[in-house]
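Asker: Each chain, letter by letter, is given below.
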Amino acid sequence: DQQVKQNSPSLSVQEGRISILNCDYTNSMFDYFLWYKKYPAEGPTFLISISSIKDKNEDGRFTVFLNKSAKHLSLHIVPSQPGDSAVYFCAASAESIGGTSYGKLTFGQGTILTVHP
Amino acid sequence: DGGITQSPKYLFRKEGQNVTLSCEQNLNHDAMYWYRQDPGQGLRLIYYSQIVNDFQKGDIAEGYSVSREKKESFPLTVTSAQKNPTAFYLCATLPNWGTNYGYTFGSGTRLTVV
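Just so you know, the sequences run in chain order C and W.
When we follow my numbering, the leftmost residue of the first sequence carries the number 1, and every step to the right adds one.
When we follow my numbering, the leftmost residue of the second sequence carries the number 118, and every step to the right adds one.
Think of the hints as simulated: they come from the structure by calculation, not from any bench.
For glycine and all other residues, C-beta sits at the position ideal for the given N, C-alpha and C.
It is possible that some hints are incorrect.
[Said to hold, decoys possible] Rough simulated footprint, nothing fancy, chain W against chain C, three-plus residues with beta-carbon under 8 angstroms: (1) 62-70; (2) 76-87; (3) 104-117.
[Claimed, not checked] Below, simulated DSS-like cross-link-like pairs (lysine-lysine); rule was C-alpha separation at most 25 angstroms, straight line: (4) K131/W with K104/C; (5) K174/W with K104/C; (6) K5/C with K174/W; (7) K104/C with K188/W; (8) K188/W with K126/W; (9) K131/W with K38/C; (10) K38/C with K71/C; (11) K126/W with K37/C.
This is chain C alone, in the form it adopts within the complex:
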């Protein structure tokens, strides 16, 4: 049962344009969402997160939008750069800070982003 889904295995974008990566979830108990970026043969690096009490969070070129009613979140990268080419994972958590399962994340399958010069 895939509780977090990234239905697009890959996305190709021209440099300078917007990249939009999508993620859907099924577990209504999820209350915290994150995006990670991963290069081949390396560990993922944390990009940006959003709590379920918000619908938008921005950090520089990266913005995450959360639509709780649709159980959907998206990551916008503007403008896209060739260095953004990587695999992007969304992840979700159903445990509040300090809970017994704190930090336990459920990941999507990942989307390969390629930004062409």
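We have chain C; now place chain W onto it with these hints.
Answerer: Positioned in the frame of chain C, the structure of chain W alone reads:
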């Protein structure tokens, strides 16, 4: 520099052998996690530990074992009972009272059964 060290980077295992993957951190983080990545799949949680001498099974713990005798170390043993151990293994840490769940990951160990 603070960080997570996973070793070895590449590991080859014969059928029927147990192997242990090392994860060491000097970030002073309380919680440590082991994830497995397979092609076309997301990361799946194997085991996690929030304090020394305590750990919990994740979603795919069968065929794996862990220990947490020191805060800095969380080794993962892949036993012969794990039917399909070939994968990329990632160790991650988190301070127990963080605010954004942003893991710090190690660089991973690629395990191949030969």
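Asker: Now tell me, hint by hint, if it's right for this structure.
Answerer: Hint check:
Under a criterion of three residues with beta carbons nearer than 8 angstroms to beta carbons of chain W, the stated coverage of the region 62-70 of chain C fails, only 0 such residues being counted. Remark: the region 76-87 of chain C is not confirmed as covered by chain W, as 0 of its residues place a Cβ nearer than 8 angstroms to a Cβ of that chain, below the required three. With a threshold of 8 angstroms between beta carbons, the proposed coverage of the region 104-117 of chain C by chain W holds, since 7 of its residues qualify and at least three are required. For a cut-off of 25 angstroms, the pair hint linking K131/W to K104/C is broken: about 31 angstroms separates their Cα positions.
Between the alpha carbons of K174/W and K104/C the distance comes to roughly 11 angstroms, so the proposed pair stays at or under 25 angstroms and holds. With a C-alpha separation of about 23 angstroms, the suggested pairing of K5/C with K174/W holds against the 25 angstroms cut-off. Straight-line distance between C-alpha atoms of K104/C and K188/W comes to about 18 angstroms, which keeps the hinted pair within the 25 angstroms bound. This hinted pair checks out: K188/W and K126/W have alpha carbons roughly 22 angstroms apart, not beyond 25 angstroms.
For the suggested pair K131/W and K38/C, the alpha carbons sit about 29 angstroms apart, so the restraint of at most 25 angstroms is broken. Distance hint between K38/C and K71/C is fulfilled; the C-alpha atoms sit about 24 angstroms from each other, no more than 25 angstroms. Distance check on the hinted pair: K126/W and K37/C sit about 20 angstroms apart at the alpha-carbon level, within 25 angstroms; holds.
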